[in-house]
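Student: Sequence:
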Amino acid sequence: MTRRTVLLFAAAALAITPAAAQQLRYLNPQDVSEAQQEHAQLVRELGGAETGPRVAYVESVGRRVGAYSGIANPGQALHFTTLDSAVENAFSVPGGYVYVTRQLLGLMDDESQLAFALGHEVGHIAANHAHIREQYAQRNPFGVFGQIIGAIFGPGISNILTARSKLDLLSFSREQEYEADTLGLRYMISAGYDPAGASGILAALSRNTALQLRVQGRTNRQTPEWASTHPLSENRMQRALAEAQATGRLGKGIRNRDTFLSEIEGVYVDDNPAQGVIEGPTFTHPDLRIQFSVPQGYLMSNATDAVTISGSAGKAQFRQGPPNLDQAIAYAYLQLTHGEAQIPVPPPRRTTINGMPAAITTARVNTDSGMVDVSVAAYQWDAQRVYYFVMLTPGGYGVSPFLSMINSLRRIAPAEAAAIRPRIMHIEMVKPGDTVQSLASRMAYRDFRLERFLSLNGLSPGSRLAPGQKIKLVIYGTRRS
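At position 319 of the sequence shown the residue is numbered 1740 (the working numbering), and the sequence of numbers has no breaks.
A couple of the hints might just be wrong.
To be verified - Keeping only pairs whose Cα atoms sit at most 30 Å apart, straight-line, the calculated DSSO-like set for lysine-lysine is:
hint, residue 1, residue 2
1, Lys-1852, Lys-1673
2, Lys-1891, Lys-1852
3, Lys-1891, Lys-1673
What the hints assert, rightly or not - FRET-style restraints, in silico, Cβ to Cβ:
hint, residue 1, residue 2, range
4, Asn-1449, Arg-1635, 38 to 44 Å
5, Lys-1673, Val-1476, 28 to 34 Å
6, Arg-1867, Glu-1686, 22 to 28 Å
7, Asn-1494, Asp-1708, 41 to 47 Å
8, Met-1850, Ala-1493, 42 to 48 Å
9, Glu-1837, Pro-1778, 21 to 27 Å
10, Arg-1635, Lys-1852, 27 to 33 Å
11, Gln-1858, Ala-1493, 52 to 58 Å
12, Arg-1901, Pro-1767, 41 to 47 Å
13, Gln-1659, Pro-1882, 21 to 27 Å
14, Ala-1470, Pro-1882, 34 to 40 Å
15, Thr-1788, Pro-1767, 14 to 20 Å
16, Gln-1748, Val-1476, 36 to 42 Å
Source of the hints: derived by calculation from the structure; they are not laboratory data. The beta-carbon is built from N, C-alpha and C at its ideal position, and this holds for glycine as well.
Please construct the entire structure, taking both the sequences and the accompanying hints into account.
Tutor: In structure tokens form, the structure reads like this:
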């Protein structure tokens, strides 16, 4: 404990070391080239990039803290992108690209919290953490099939597959998170920000994670990805607060709360209807007029081109395939293995589901951890489109865990599609007579309105609100054209 305490305060002292005293670090040209090549695809897969003044604002804060990172030519080397994603996350890649989601922005309360989050990610780049984790991963190889399944469906299916997801490759060790926190603090303090933003955003993330774990069974959403890629702990928050206090600058510096809140006014919260929305156990895409429901207790996460479903007895994905049933089934298996493994596919069973021609088949695959059933259910939506579920379950289960989901896919009416509205962030000025309970009742959710409001604003049920105080509400808005 003594050694850790000494290291903690030594790191805090470093937080005010001028960037000029650091040795400049030049980014690896190969990393830069790979990041440039993969940027467009990564953005597309993670919801697309936000546009408008808020993007420039986020970038300006990133450049302000990045200037003190010790990275050579930070104005040209560092790139900041705001993603149109309902996942609370921020991450970086070695080539100098930093990404933050609109959903994470909605959890923040002021500009100092944004400065720390971006500084933390720049810290991962400056400290070369990704390459260190990559070297560790190479010493712990997985079988080819496990890697392929993992790349698509994430960690193990009821402990059947020993696999990791693409996002796991971006995760860091606890010590690397601590180091990135320290670096983020150093950068934000040098840029003039109040270091209270560090513990502030970590506390907000902790509250949100606890809230999501509480309501997860009802919302049917995956655990926030920040919690899996950025390990959170009470110790980490206390450590950030102790480092900030040790600088003697806690409570001093830029916070820019009013500016920040004005920037997030109107930002989408949760799903963008253009990508489909998750409401309870049901996924609805109003533009494509698609709807299906997952089994009780199963969770969903939505991306631009696929919906991923996970539960106690299996995992699945829903996406579009080639324009006829046989081609779609073949495509699904080919995509699953990236063409690196051959899965024998039995002839599909033909049927009709909710008026649509459909085909269902199951192949059994032997993995290092046992038998796995890989099933595909494909639907002829119209002459040009086929949608399909690809499902992984323990050997012998087939499609049985997902049968209700398979039978639920339907085409919704235009009126149902038009009724889908986005949730947006609204900044409200407290009026005389407003209470925590009265404001929470306006939250655009069917359940846990009070808990969501308290978590979003860092309040307690007994908090007294003052007239003129600004608070955040999630309300229903109108779709952007």
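Student: If a hint holds in the structure, say so; if it does not, say that too.
Tutor: Hints versus structure:
1. Restraint check for Lys-1852 and Lys-1673: the C-alpha separation of about 29 Å stays at or below 30 Å, so the hint holds.
2. For the hint pairing Lys-1891 with Lys-1852, the CA-to-CA distance comes to about 10 Å; that is within 30 Å, so the pair holds.
3. With a CA separation close to 21 Å, the supplied pair Lys-1891 and Lys-1673 stays within the 30 Å bound.
4. Judged by the Cβ atoms, the range 38 to 44 Å given for Asn-1449 and Arg-1635 holds: they are separated by roughly 43 Å.
5. Take Lys-1673 and Val-1476: their Cβ atoms lie about 29 Å apart, and the range 28 to 34 Å holds.
6. At about 24 Å, the beta-carbon gap between Arg-1867 and Glu-1686 stays in the expected band of 22 to 28 Å.
7. At about 42 Å, the CB distance of Asn-1494 to Asp-1708 agrees with the hint of 41 to 47 Å.
8. About 45 Å separates the C-beta atoms of Met-1850 and Ala-1493, a value consistent with the hinted range of 42 to 48 Å.
9. A beta carbon spacing of about 23 Å between Glu-1837 and Pro-1778 agrees with the range 21 to 27 Å that was offered as a hint.
10. At about 30 Å, the beta-carbon gap between Arg-1635 and Lys-1852 stays in the expected band of 27 to 33 Å.
11. Judged by the Cβ atoms, the range 52 to 58 Å given for Gln-1858 and Ala-1493 holds: they are separated by roughly 53 Å.
12. The given range of 41 to 47 Å is respected by Arg-1901 and Pro-1767, whose C-beta atoms sit roughly 45 Å from each other.
13. The beta-carbon spacing between Gln-1659 and Pro-1882, approximately 24 Å, falls within the hinted interval of 21 to 27 Å.
14. Between Ala-1470 and Pro-1882, the C-beta spacing of about 38 Å keeps the proposed range 34 to 40 Å intact.
15. Taking 14 to 20 Å as the suggested C-beta distance range, the pair Thr-1788 and Pro-1767 conforms, at roughly 18 Å.
16. Between Gln-1748 and Val-1476 the C-beta distance comes to about 39 Å, which sits within the given range of 36 to 42 Å.
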